[in-house]
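Enquirer: Take the sequences, apply the hints, and build the full model.
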Amino acid sequence: WRVDHRQESCRICQKFGLMPQYPRGCYVSIADRGNIKAVLQDYAEAHLARDADRQPICDCIVFSDGGRILGLGDLGAWGMGIPIGKLDLYTVCGGVNPHRTMPVLIDAGCQDKDKNTAKLTIRDHSLYTGEKQERVMKVSHNSTLVNVAYYGKNNMIDEFMGAARDLFGPHCLLQFEDFTSNDAFLLLEEYRNKYLCYNDDIQGTAGVTVAGILGAIKLKNPAETDLIGALKKETFLFHGAGAANIGTISLLRDEGGVPMSRLHITNSRGIIWKSADGTEGSWRNDQQKEFACVGQLDFDMKDLVSIITNLQPSCVIGAVGVVPNCFTKEVIEAVLAARQHEAERPIVFALSNPRTQAEITAKDAYTWSQGEIIYGSGTQFETVEINGRTHYPGQVNNVYIFPGMSFGAICCKAKYIPERFFMVAAEAVANSLDDADLEADRVVPHRDRLREVGLNVAT
1 WRVDHRQESC RICQKFGLMP QYPRGCYVSI ADRGNIKAVL QDYAEAHLAR DADRQPICDC
61 IVFSDGGRIL GLGDLGAWGM GIPIGKLDLY TVCGGVNPHR TMPVLIDAGC QDKDKNTAKL
121 TIRDHSLYTG EKQERVMKVS HNSTLVNVAY YGKNNMIDEF MGAARDLFGP HCLLQFEDFT
181 SNDAFLLLEE YRNKYLCYND DIQGTAGVTV AGILGAIKLK NPAETDLIGA LKKETFLFHG
241 AGAANIGTIS LLRDEGGVPM SRLHITNSRG IIWKSADGTE GSWRNDQQKE FACVGQLDFD
301 MKDLVSIITN LQPSCVIGAV GVVPNCFTKE VIEAVLAARQ HEAERPIVFA LSNPRTQAEI
361 TAKDAYTWSQ GEIIYGSGTQ FETVEINGRT HYPGQVNNVY IFPGMSFGAI CCKAKYIPER
421 FFMVAAEAVA NSLDDADLEA DRVVPHRDRL REVGLNVAT
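Position one of the sequence shown corresponds to residue 1 (the working numbering), numbered consecutively onward.
It is worth saying that the hints were derived from the structure and are not from the lab. A portion of the hints provided could be inaccurate.
[As the list claims (entries may be wrong)] Below, simulated DSSO-like cross-link-like pairs (lysine-lysine); rule was C-alpha separation at most 27 Å, straight line: (1) LYS302 <-> LYS329; (2) LYS15 <-> LYS113; (3) LYS194 <-> LYS37; (4) LYS232 <-> LYS289; (5) LYS15 <-> LYS132; (6) LYS413 <-> LYS37; (7) LYS232 <-> LYS274.
[Unchecked claim] Distance windows between CB atoms, simulated: (8) GLY169 <-> ALA46: 11 to 21 Å; (9) ASP112 <-> VAL323: 16 to 26 Å; (10) ILE228 <-> ALA38: 40 to 50 Å; (11) THR309 <-> SER268: 17 to 27 Å.
Quick caveat, the model's predicted, so the values are computed rather than measured. The beta-carbon is built from N, C-alpha and C at its ideal position, and this holds for glycine as well.
Expert: Following this line, the structure appears as structure tokens:
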């Protein structure tokens, strides 16, 4: 665990197709439609453990379509590194039997190099083994671009999930991973109450972000026992309106009881707003519209310093993904100036991955604030010493949530995973902080305790 798995996962996925081919990992191609059950069965017969009747056992499947791998964009079939790596973490951090898991890549095509951040030639690379075709897209009822193959009668996702249940039973966990936000929300909405499933990018990220916020509240006041009550007193600004931040703001409102008046969110157009009748506004999809403020505000809604100065958030969460270092010194100064009391410590999280995409580094956050900011990041940053105190930035990463969440669901043979579980998981992580974590100024427990934290989440 001395290696940051996020950083390594990014590098591996960008080069996955250039590495030796391993037997682990089941590829389900768009060309397999009508025959997906046989594809899964073939892989299961070859790779999974068997029960007393010699039938393959699968406790969980992590599946992606490679459409939005970490902060890297569309990697197509090279995205298989993520389901494989995710299930490795299920085992290392959660104790899940690796011989009863299946990494799956749904291959519905791959966009050209303009759709990945490093501008890599993937689909047209001579070693690319996936379908060498563009994804076929359409405009959804949300007015967003989505994959045609995932919707409508006899669609690919429906066939895949039905085949998995037929083969492995209703208690086989199906975890969505790294679909584009446009597809992720719609697919989760469609299947969350039909199958034992969840989307880690939306729900797992929400859970660990709230866990980090609760941890920050404990850093402010170690004696606080009503973390949810304290949560309702914070004012939040979410910078970026992708799956991560939408999932978190939804969890805060629906399960944390935070009033909408304390929840604010931006997209590339600034603070998201809508007219009173909902016909006009700056939202890009229905999920953003749900959390839009009513009416345009009487200040510059596109300038981050202006937004912070006027809304006075005590907690700023960055998950933009494509604008590194957007939390400038002026932004940090505005956050500090917005405090209600000079002794108050604002919370600033930079959740974008990899670290080259982070909204602010740990060094800048602590240095510009003289250690007064409580900081968390999506990838691991080095320690920072300010005014004689060493700060150990916490890595606000889903790995604190999904191993325990999945292990618990598997063990109790759950039928579905309600949203409430992710708030309970967040509290379990925050309550796992010990005196050493508080002294180190970490918002989440030390990584050496991941198995212990996973068990706390599961139970």
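Enquirer: Hint by hint, note whether the structure agrees.
Expert: Hints, verified against the model:
no.	hint	result
1	LYS302 <-> LYS329	holds (17 Å)
2	LYS15 <-> LYS113	holds (14 Å)
3	LYS194 <-> LYS37	holds (18 Å)
4	LYS232 <-> LYS289	holds (22 Å)
5	LYS15 <-> LYS132	holds (17 Å)
6	LYS413 <-> LYS37	holds (22 Å)
7	LYS232 <-> LYS274	holds (24 Å)
8	GLY169 <-> ALA46: 11 to 21 Å	holds (20 Å)
9	ASP112 <-> VAL323: 16 to 26 Å	holds (23 Å)
10	ILE228 <-> ALA38: 40 to 50 Å	holds (48 Å)
11	THR309 <-> SER268: 17 to 27 Å	holds (20 Å)
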